[in-house]
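Number of protein chains: 4
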Amino acid sequence: MTFFNNIKEIKYEGKDSKNPFSYRYYSPNEVILGKSMREHLRFALAYWHTMTADGSDPFGVGTYKRNWFGRTTKETTKNRADAFFEILSKMNVDFFCFHDVDIADQGNSLQEFFDNLDEMTDIIKDKMKEYDKKLLWNTANMFTHPRYVNGAATSNNADVFAYAAAQVKKGIDISKKLNGDNYVFWGGREGYESLINTNYGLELDNMARFFHMAIDYSDKIGHKVPFLIEPKPKEPMTHQYDFDAATALSFINKYDLQDRFKLNIEGNHASLAGHTFEHELRVARENNALGSIDANHAECQLGWDTDEFPYDIFHITLAMYEILENDGLNPGGINFDAKLRRTSTSPDDIFLGHISGIDTFARSLRAAAKIKEDNFLENILDKRYESYDSGIGKSIVEGKESLESLTKYALEHDQINVESNHLEYIKVRINDYLV
Amino acid sequence: MTFFNNIKEIKYEGKDSKNPFSYRYYSPNEVILGKSMREHLRFALAYWHTMTADGSDPFGVGTYKRNWFGRTTKETTKNRADAFFEILSKMNVDFFCFHDVDIADQGNSLQEFFDNLDEMTDIIKDKMKEYDKKLLWNTANMFTHPRYVNGAATSNNADVFAYAAAQVKKGIDISKKLNGDNYVFWGGREGYESLINTNYGLELDNMARFFHMAIDYSDKIGHKVPFLIEPKPKEPMTHQYDFDAATALSFINKYDLQDRFKLNIEGNHASLAGHTFEHELRVARENNALGSIDANHAECQLGWDTDEFPYDIFHITLAMYEILENDGLNPGGINFDAKLRRTSTSPDDIFLGHISGIDTFARSLRAAAKIKEDNFLENILDKRYESYDSGIGKSIVEGKESLESLTKYALEHDQINVESNHLEYIKVRINDYLV
Amino acid sequence: MTFFNNIKEIKYEGKDSKNPFSYRYYSPNEVILGKSMREHLRFALAYWHTMTADGSDPFGVGTYKRNWFGRTTKETTKNRADAFFEILSKMNVDFFCFHDVDIADQGNSLQEFFDNLDEMTDIIKDKMKEYDKKLLWNTANMFTHPRYVNGAATSNNADVFAYAAAQVKKGIDISKKLNGDNYVFWGGREGYESLINTNYGLELDNMARFFHMAIDYSDKIGHKVPFLIEPKPKEPMTHQYDFDAATALSFINKYDLQDRFKLNIEGNHASLAGHTFEHELRVARENNALGSIDANHAECQLGWDTDEFPYDIFHITLAMYEILENDGLNPGGINFDAKLRRTSTSPDDIFLGHISGIDTFARSLRAAAKIKEDNFLENILDKRYESYDSGIGKSIVEGKESLESLTKYALEHDQINVESNHLEYIKVRINDYLV
Amino acid sequence: MTFFNNIKEIKYEGKDSKNPFSYRYYSPNEVILGKSMREHLRFALAYWHTMTADGSDPFGVGTYKRNWFGRTTKETTKNRADAFFEILSKMNVDFFCFHDVDIADQGNSLQEFFDNLDEMTDIIKDKMKEYDKKLLWNTANMFTHPRYVNGAATSNNADVFAYAAAQVKKGIDISKKLNGDNYVFWGGREGYESLINTNYGLELDNMARFFHMAIDYSDKIGHKVPFLIEPKPKEPMTHQYDFDAATALSFINKYDLQDRFKLNIEGNHASLAGHTFEHELRVARENNALGSIDANHAECQLGWDTDEFPYDIFHITLAMYEILENDGLNPGGINFDAKLRRTSTSPDDIFLGHISGIDTFARSLRAAAKIKEDNFLENILDKRYESYDSGIGKSIVEGKESLESLTKYALEHDQINVESNHLEYIKVRINDYLV
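Protein chains in written order, with the numbering used here: chain A, 654 to 1088; chain B, 654 to 1088; chain C, 654 to 1088; chain D, 654 to 1088.
A few of these clues could be false.
Put simply, identical chains are the same to the list, so a pair is met inside one copy or across any two.
For lysine-lysine, the following BS3-like pairs were computed, each having C-alpha atoms within a straight-line distance of at most 30 Å [to be verified]:
#: 1; residue 1: Lys-873; residue 2: Lys-1047
#: 2; residue 1: Lys-1023; residue 2: Lys-671
#: 3; residue 1: Lys-823; residue 2: Lys-1053
#: 4; residue 1: Lys-671; residue 2: Lys-829
#: 5; residue 1: Lys-1036; residue 2: Lys-664
#: 6; residue 1: Lys-1036; residue 2: Lys-661
#: 7; residue 1: Lys-1061; residue 2: Lys-727
I should point out that these hints are in silico values taken from the structure, not numbers from a laboratory.
A quick note: this is a predicted structure, and the numbers were derived from the prediction, not measured.
Use the sequences and the hints to build the structure in full.
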């Protein structure tokens, strides 16, 4: 069945195109810095925002008009899969991501849920082959159901821990079945509502136990894909354990998970934690932990997760620069964890919204690549830190100095000149790349 | 010389006292939970806020009226020391803290600064003996001088690194000379103004090198006091490396500093990072890294460091509960990194401000101790997590389960009942302790 | 039908009561400053949080266990009314508030909705008589339905304006029928998602037209109750027109609505706007516009509306002081626009949560009354502003001075002494009232 | 005397120029939409940031290298005036702004300050003629000196009110003498540190009295320039009375000041109040109160005033669109209330920083003009609100409807279709204008 008969394949038509249903910056097979844009960007569509979101918010019910509702839940579920692959195909996007609950009905028992998942993943597997699409990552939704009100791996109730373990085992099985490139953990309820009634130590220990079980199981079945933690500071919980990249890395290292766990960095979550997107990417990158990204945008005046489609070309250019410096994201990619505004009610908006996000990243890739080709930022850094390339600086970096030797040096070199950084000039020069 | 002839010793007069120059809650030698209040709280006064602050802010010059200005810088410096110990004595506070630049003029060369420090620490040492006062910690100010505009250990200029090393060597020497209980690092400029021109990896590596030099030197001279990092997220820098407790711990562990480095947690800094004070204390405590605290308060509507004297008895009670659970802070303590409002211009306010902070902590200690005696929170936790004391929960905690075994369990236990946490009731019951 | 057979009437048992189902501070008929606590506080329960909320949040479905679901929507609707008055009665609370959609099913047409409202308000009217309860205010929900996605009175679609007008006419009719004391407007969607596509001028003009129609109609039917605007800065919209008290007052005065419109001030909304609750109350009070309050609490680290039950006795004491200075709220009152945490799943929590809020306000009333009896704050103000009671200050206040006369004065009085405010001392003395 | 001998006049060299000391977008005499860029933008330099700032911040002393320090204060003051006009001239900027204290030493008495102002304004008047430069606005600094610790017009001390009146009289005299286009009030300390000790009503009444005196005096001397209030929400005060545009307008209208008072809107202050810059401009514009703007940028993660030079071309384009819709700012203009980063220590940065800001506005003007020429946003609005152009919508706007008539209409038109806003598409199309 097809659902978007009025939409044709979205093609690259160049900057000056007036056709809303075209790419103005994304030319999938164009080569930039030795790789095609497709390979650089590895775009993915999110099943939840694309297929199951309805435009509801805490103060309003759904608004989106969709034509894939069937007579039964099962029929709706299948129609969604049809529509999703039609979109992927027409958008020329190679990857997708989903939660278990996005693709299958949970039924009345865990067994029933598993059966539904089996049926739907058979269907999806066929479609992946038919359309030549790949699974960037899947995950288990362990935050929507009431049982998870106090967390999953960090629940105070051991039965909930067990239930979550079952969901994740199934998720890893599905990852193997669909040949997923990564497996993601977003700990939506792993955190606390109030510190007062929280056994913080036990909860974090349990979360680590949970992750080690996941490692053990994936090793056992021979599906050693990267596991990705997605940091978020707050909402729905008052405080979430994976607050930001640094906090998640602290946890990963403390519990010796670093060989298998990397990070899935999200723009909106960075903002909520008081950081820029590029900061979180840098922290992950410098710790060899930049796994994948969730692309979206937050208006910084707002204190909750809005998951807007990205459009800020200045900051996305800095983000793309981090990705280039990371030598790309592969096996990770760029997943649009972005939802249409509640007022974008038309099915067309699914296409228009994703085009806006894709072109924002494509334009930013072009800008970042040019910055790199010009060595614009590299030259600034080289000059700025040159004192560490020789003399006392080199000796410090090589570990040859001590407080005593440096005191001797400082007593003789205590009149220090400070060079200007000219930051105002640098920032506006970056703007010049955003053409 | 004395400077507060109108002020008598501040004494405990009980709750109903109408005398502003009395303690209404702090009774130093009263025993609570087996320790004197004095031992529990280990209060310290900060030399900078008490002696050198002048009431200036970014939009205004100094307002405080002080009578210790002499005819020369040296005379003023000495008068300050006299006045400071007079205050410590009249307040009945046992400890103090200072930056190097608080106590001595920096002169025109590093050598001159060192000479001035030697002279002033001789004087302070004598006063410590005379008044029976102790040094909680000292530190080096590596953020005020222009040379530190780009950081100290994380400066792009190796000569600045060397200068900072010399200051810290001297600081550790002073700590030994004055028998300090801890040594603190607040990395005021260790961070970035813009990520664009920052070599994040090199800067953090250098910061670690710096700290290892400090460890090596203190080992060498046989003065192995705890080194404390004080987290702060931003201001003056756009982003500071020691963003919060979790981030600082991530750094400490990554660079293998955990044996000697702990945290000095500040209330206002917690707020600026989007946390509660008790959260930061919990994170530190659960990682065996709660070293000491900087006591102050932030109005949460404000986005900069206001260092208000603490008065929020609800949150300070939760903070004191963390401290009791930590079995106290010793060898750390509670340092009032708190400054008078710009409008509190009178010398009397030095006393009134500190009394307000001390009584806030003393009242909160009384409340927290009662909560502990009643096992009020302990009982809540015991009941809430009881599923991990036996059965499947116990088996999880003991490491005996796997995703497969838990899947089997979950398939048989998939109807889970969620008990209420009754949080509203718990919170208002805590209020009942704040009498 | 009764729904809480295990709950007895909640009675005042005094501070030391260990019975969770008792008031420890609220003694309804106890007289304070010449009025009963009941008259001072005029507590109301909110139909929506109490009866229709289910514990869902943006990331999770409902969690609350409720026993009033019937076989049909109509039966459920009626059961809710039964349960609600049982709660009001057992809590000994005199007032209640509701949205139209809380009490009646919207059916498939506007006429059907009106018919359902007629039927349910007949039932509610009988119950009000039976239980001796009063309607503090009702309102129309003009934000949940998809038609309101772009606002109600400020929608870009005139048909939506008309629909909203019909809902408000019915709301005012219901207010008259049930003898309501006030009528409230919370403009949930009156604002913009993006300024780019917004005709700001037309939308605000339309909102004013809408309010004038409401005035005209209420005049016509002889039901001239106060109309109350409830400010909120953001969420669900990016920016809401009634941002805060000052903004709403600006609108009210610009459009000449001040004779009939006052404000309903909410604690959580104050926080989201960057203000304290007491600030918003002061702004309203000083403009003769303090109509009523929505009582709840926001953890200030969180950037969305959490509607927590109030427990912060320091700030609620300052709020109650504003209310005392306003000579009370009558015909307004204190409505608990407060919801149980998602983890407070038990029906008992309905009682425990409201007891916590009621006792917080009762305890704070006691503290504020004592502050007033002692003239504690009044004396501070009198002394602080005494320069305006005589001399040049009096002459300024009386409008007798000009820039020229004051220049003459200033040239002769240019050495000005600044007295300390002693704020640290004042704040901790307020704490002393919170016993 | 000249101070920038190595800097030549800054000229427009077009987008592709690699010369840092050139304009790439600002071509002063180029005509856009019928006006020269010079007339559109009316750029001004701020005396304070340009001449008196030293790079200090709350945690650090000054860092800027400047060559205009003389042997005496008077000589330095005069050198600054020389240097300032050299910069204005080399930058080809037509306007400037200053505080009284920026240009003259305050001496030891008010009379001495006035004498110094007379001398310096004689000098400046000559220079204005010599260089053909104009005064956009001047203002009185009533926040730095200790006397203003509790405010100026809102001080609790009537002598301070008088002193402030004298400063403002002198400021208006200077405005007349130098033929200023506007006169500005930024109420740096007009607000409260704590609501507890504040007589809010008296303080606001006094502020209004103060402004009426200013109107009366300017009328009397025949210098009826616009008076501009500059909103800012907080810092240095906990809460400032001119919180944002809406709050300032509420005050202006309440006290009947609207005929002479407009607003000076600042970008950074908008952010601190939780608004976008374009929002504040819209509020001012729709109330016929957009007087002038202070151009700068805030990184939205930061909670204090950073006054960064603007570089965000997306938001400045929206700001310029508001200015075009306002038919320009004349007699207001665009003043760079922007300071160099503390690390931009070189005198060259004065030029580089201002070039970055000027080119950002120039590029944004080009983008906004193109949006306007294409009617891009106008068409969106026309279509979106078309329901108010005829039928029931027209009738509503014309004031012909009532709740009753609309109820009748709604009962017959209760099935309402909601059109998509396609916001994602609109936003990314705006990006396409930023070339």
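Each hint, compared with the structure:
1. In this assembly of identical chains, the alpha carbons of Lys-873 and Lys-1047 lie at most 30 Å apart only when taken from different copies (24 Å versus 47 Å within one copy).
2. In this assembly of identical chains, the alpha carbons of Lys-1023 and Lys-671 lie at most 30 Å apart whether taken from the same copy (25 Å) or from different copies (15 Å).
3. When the C-alpha separation of Lys-823 and Lys-1053 is checked against a cutoff of 30 Å, the pair qualifies only between copies, where the shortest distance is 20 Å, while the shortest distance within a copy is 53 Å.
4. Taking CA atoms no more than 30 Å apart as the test, Lys-671 paired with Lys-829 passes in neither setting, with 43 Å inside one copy and 53 Å between copies.
5. For the identical chains of this complex, Lys-1036 and Lys-664 are inter-copy neighbours only, at 28 Å across copies versus 43 Å inside a copy, given an alpha-carbon limit of 30 Å.
6. Taking the shortest alpha-carbon separations for Lys-1036 and Lys-661, only the inter-copy value of 26 Å comes in at or below 30 Å, while the best intra-copy value is 50 Å.
7. Taking the shortest alpha-carbon separations for Lys-1061 and Lys-727, only the inter-copy value of 26 Å comes in at or below 30 Å, while the best intra-copy value is 78 Å.
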